[in-house]
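Engineer: Quick mapping for you: the protein sequence lines, in order, are chains A, B and C.
Each residue of the first sequence is one higher than the one before, starting from 1 at the first, in the working numbering.
Each residue of the second sequence is one higher than the one before, starting from 1 at the first, in the working numbering.
Each residue of the third sequence is one higher than the one before, starting from 1 at the first, in the working numbering.
Hints may be right or wrong, so weigh each one.
A pair counts as met if it fits within one copy or between any two copies, since identical chains are not told apart.
Stated by the list, open to error - Calculated pairs, SDA-like style, for lysine to any residue (alpha carbon to alpha carbon, straight line, at most 25 Å): (1) K234 / E16; (2) K234 / G45; (3) K234 / V174; (4) K234 / A54.
Note that these hints are calculated values from the structure, not bench results.
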Amino acid sequence: MPPVSLDARTVIEQMEAVRERQPLIQCLTNHVTTGFVANVLLAVGAAPAMVDSAGESEIFAREAADGVLVNLGTPHPAQCDGIRAIDYGADTMPPWVLDPVAVGSLPVRTALAQELLSHSPTVIRGNASEIVALAGSGQGGRGVDSTLGTDEAATAARDLAARTHGAVAVSGPVDLIADASSTVRIANGDPMFTEITGGGCALGAVTAAFVAVSPSPLVGAASAAAVYAIAGEKAAGDAAGPGTFAVHLLDALRSLSAADIMSRADIS
Amino acid sequence: MPPVSLDARTVIEQMEAVRERQPLIQCLTNHVTTGFVANVLLAVGAAPAMVDSAGESEIFAREAADGVLVNLGTPHPAQCDGIRAIDYGADTMPPWVLDPVAVGSLPVRTALAQELLSHSPTVIRGNASEIVALAGSGQGGRGVDSTLGTDEAATAARDLAARTHGAVAVSGPVDLIADASSTVRIANGDPMFTEITGGGCALGAVTAAFVAVSPSPLVGAASAAAVYAIAGEKAAGDAAGPGTFAVHLLDALRSLSAADIMSRADIS
Amino acid sequence: MPPVSLDARTVIEQMEAVRERQPLIQCLTNHVTTGFVANVLLAVGAAPAMVDSAGESEIFAREAADGVLVNLGTPHPAQCDGIRAIDYGADTMPPWVLDPVAVGSLPVRTALAQELLSHSPTVIRGNASEIVALAGSGQGGRGVDSTLGTDEAATAARDLAARTHGAVAVSGPVDLIADASSTVRIANGDPMFTEITGGGCALGAVTAAFVAVSPSPLVGAASAAAVYAIAGEKAAGDAAGPGTFAVHLLDALRSLSAADIMSRADIS
Numbered sequence: 001m002p003p004v005s006l007d008a009r010t011v012i013e014q015m016e017a018v019r020e021r022q023p024l025i026q027c028l029t030n031h032v033t034t035g036f037v038a039n040v041l042l043a044v045g046a047a048p049a050m051v052d053s054a055g056e057s058e059i060f061a062r063e064a065a066d067g068v069l070v071n072l073g074t075p076h077p078a079q080c081d082g083i084r085a086i087d088y089g090a091d092t093m094p095p096w097v098l099d100p101v102a103v104g105s106l107p108v109r110t111a112l113a114q115e116l117l118s119h120s121p122t123v124i125r126g127n128a129s130e131i132v133a134l135a136g137s138g139q140g141g142r143g144v145d146s147t148l149g150t151d152e153a154a155t156a157a158r159d160l161a162a163r164t165h166g167a168v169a170v171s172g173p174v175d176l177i178a179d180a181s182s183t184v185r186i187a188n189g190d191p192m193f194t195e196i197t198g199g200g201c202a203l204g205a206v207t208a209a210f211v212a213v214s215p216s217p218l219v220g221a222a223s224a225a226a227v228y229a230i231a232g233e234k235a236a237g238d239a240a241g242p243g244t245f246a247v248h249l250l251d252a253l254r255s256l257s258a259a260d261i262m263s264r265a266d267i268s
Numbered sequence: 001m002p003p004v005s006l007d008a009r010t011v012i013e014q015m016e017a018v019r020e021r022q023p024l025i026q027c028l029t030n031h032v033t034t035g036f037v038a039n040v041l042l043a044v045g046a047a048p049a050m051v052d053s054a055g056e057s058e059i060f061a062r063e064a065a066d067g068v069l070v071n072l073g074t075p076h077p078a079q080c081d082g083i084r085a086i087d088y089g090a091d092t093m094p095p096w097v098l099d100p101v102a103v104g105s106l107p108v109r110t111a112l113a114q115e116l117l118s119h120s121p122t123v124i125r126g127n128a129s130e131i132v133a134l135a136g137s138g139q140g141g142r143g144v145d146s147t148l149g150t151d152e153a154a155t156a157a158r159d160l161a162a163r164t165h166g167a168v169a170v171s172g173p174v175d176l177i178a179d180a181s182s183t184v185r186i187a188n189g190d191p192m193f194t195e196i197t198g199g200g201c202a203l204g205a206v207t208a209a210f211v212a213v214s215p216s217p218l219v220g221a222a223s224a225a226a227v228y229a230i231a232g233e234k235a236a237g238d239a240a241g242p243g244t245f246a247v248h249l250l251d252a253l254r255s256l257s258a259a260d261i262m263s264r265a266d267i268s
Numbered sequence: 001m002p003p004v005s006l007d008a009r010t011v012i013e014q015m016e017a018v019r020e021r022q023p024l025i026q027c028l029t030n031h032v033t034t035g036f037v038a039n040v041l042l043a044v045g046a047a048p049a050m051v052d053s054a055g056e057s058e059i060f061a062r063e064a065a066d067g068v069l070v071n072l073g074t075p076h077p078a079q080c081d082g083i084r085a086i087d088y089g090a091d092t093m094p095p096w097v098l099d100p101v102a103v104g105s106l107p108v109r110t111a112l113a114q115e116l117l118s119h120s121p122t123v124i125r126g127n128a129s130e131i132v133a134l135a136g137s138g139q140g141g142r143g144v145d146s147t148l149g150t151d152e153a154a155t156a157a158r159d160l161a162a163r164t165h166g167a168v169a170v171s172g173p174v175d176l177i178a179d180a181s182s183t184v185r186i187a188n189g190d191p192m193f194t195e196i197t198g199g200g201c202a203l204g205a206v207t208a209a210f211v212a213v214s215p216s217p218l219v220g221a222a223s224a225a226a227v228y229a230i231a232g233e234k235a236a237g238d239a240a241g242p243g244t245f246a247v248h249l250l251d252a253l254r255s256l257s258a259a260d261i262m263s264r265a266d267i268s
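Assemble the whole structure, with the sequences as input and the hints as a guide.
Structural biologist: Next comes the structure, spelled out in structure tokens:
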């Protein structure tokens, strides 16, 4: 892959492509934030479908989904069955995102994450502790929170991307998105994202929506991160706390304009 | 059944009956929108109880529930067991609503929906694609979204109602509610309902609350659809996007007045 | 235990201790209100972790959690396995809260609640019907709602506390929190709490966060109840209904000040 440089114009094109093509995103995701994740997908213009049981997940991925999210936040046996039923190597498999929530010391999700890693996810999205743990060089964070800074995961991200031939997105105060040949940093966002549950989960879903329509995993993942973070900045501006922030985030994702992205995007 | 014509006055009476009698509604429903569905039931004055495991669902339906909702959005094995444990033909079975989410090509829910159809649900509520697929004449929609207009499901709705001796409600820009002898159309609502998750699921639950207190399935289902759609119109009026819409919908359902219904109801 | 008297100053100290120490609270809780419970924990300054599957729950309780919530609202087989996998008697077990939702006539949760009771929860939190049913002297409420007043559960609460050597919190218009030697009443709160789903579940989680940092179960449970109820009063003040109330509750919990507690606390 030749190195990619991302600018605000490209981010806007990806946002508009999601709104126009309304990709159908199948989510096999944790039961804590399922409703919020579905609402965020709708707000960016995608169509969510939470089809995650073993008898239906493979058919839906093969015949209907434009993108798939696999989030390991609550790996109950029935959902693990649904995740394993998908044929990730099939020609019909759409782009997919692995979100290895709290991977590291917890055995069920850690083993499943390694198994999924061998199927080369289009994008892996996590916080710094999760990315380092998945790459095999750390023990994970504190619950779902990272104990490392984004840049401490840069090498792990590039290593993972080289193994999957996809992109790896490290979320944090500055987001870092890497593939084997390029690294993009996005310095947008707001600390309020850490005060609501599902902030990361929803970004994983948005990433699946963007890679479903984008020319490359890196462009899709980085554009998703930029749109999501900029909407968060707008939402935080008129939020009185985490309750109103989550509500306004949905409104901001729905109404985000090209001008918002041009004026706020901080990409390097 | 003699043909029924519904007017705003009847809708108001049903709304007031729900608020006064506070029916206890047992929900066996998908895990995406469970909390939203419970909050909508509370907002209309009903009492939600999400009792859906196999060891408890039959007892609760028999001894406690005034109405039951069965929604097939996420048919995990444990919940399917809970759904199948209920004795739908028992004398003690209260009115119940089947919401056949995304029925059609997905095998687990499609088989279960057909099985439940043989137990004659009091009301079936779905979008046009779901109703047509359940009646055996279509393949279902795109994920949870309909690819047909409401009127394209009118014949399927009447056919299903004739088989179940109940009512069938087709949700869409204009809602169509039919039983074997009557058809009611409700032209209230707002496109914002399609921009949040659970808009249809919650209407299924509201329908269960209304048929628990109404003189007939048709009157209950049509009154539920009218109240819900009119509250949505009010909520959309001061919403800045899907986040605030969902929040205001709960407030509007709670505070909806007889005057709101008299002035807005568009029933034919 | 010597009798404890609680004042507003102590409540403030506990609130500040939670914010400073950010206890990591493992929740094995019902699937209706999981996201709301996680958001409430974040709003009080704690860190939620919904680790509830059998292969992970014991490890997390032993190695990571500062407090544990066990809520029996939707006792599916897989979650029951996760709940039973924890070694409640281990030296490494942190303080934990049992929330016996709708215990009484429903057999799965009632049997599991009795089993957990034998492991001496640090705090038991429920409504009056649940506490009386758990103590063996009643049949439970109507669904998740109490059919008894708080004071009708006072004897049952003290009996349970004597058996567990912990505290028992009875939620209602006036909260009653008892251990074997003391009883505290908190007359704060707002009727709006009964119009949203998860109002009780979230208080169970907040209680786990407070007992994780407090000098005694009684002080932790009573301080949690006071902070939560006072935040509810503030939220209700500018709510237009249950939708805005739930949103403002999160904002109010996040921004609650010592002055708010000093001016509003009604503790006896």
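Engineer: The structure should be examined with respect to each hint, and the outcome stated for every one.
Structural biologist: Cross-check of the supplied hints:
1. K234 / E16: within (18 Å within a copy, 30 Å between copies)
2. K234 / G45: both (18 Å within a copy, 23 Å between copies)
3. K234 / V174: Within one copy only: 17 Å inside a chain, 35 Å across chains, cut-off 25 Å.
4. K234 / A54: For K234 and A54, the Cα distance exceeds 25 Å both inside one copy (39 Å) and across copies (41 Å).
Checked against the numbered hints listed earlier, the structure breaks hint 4 alone; every other hint is satisfied.
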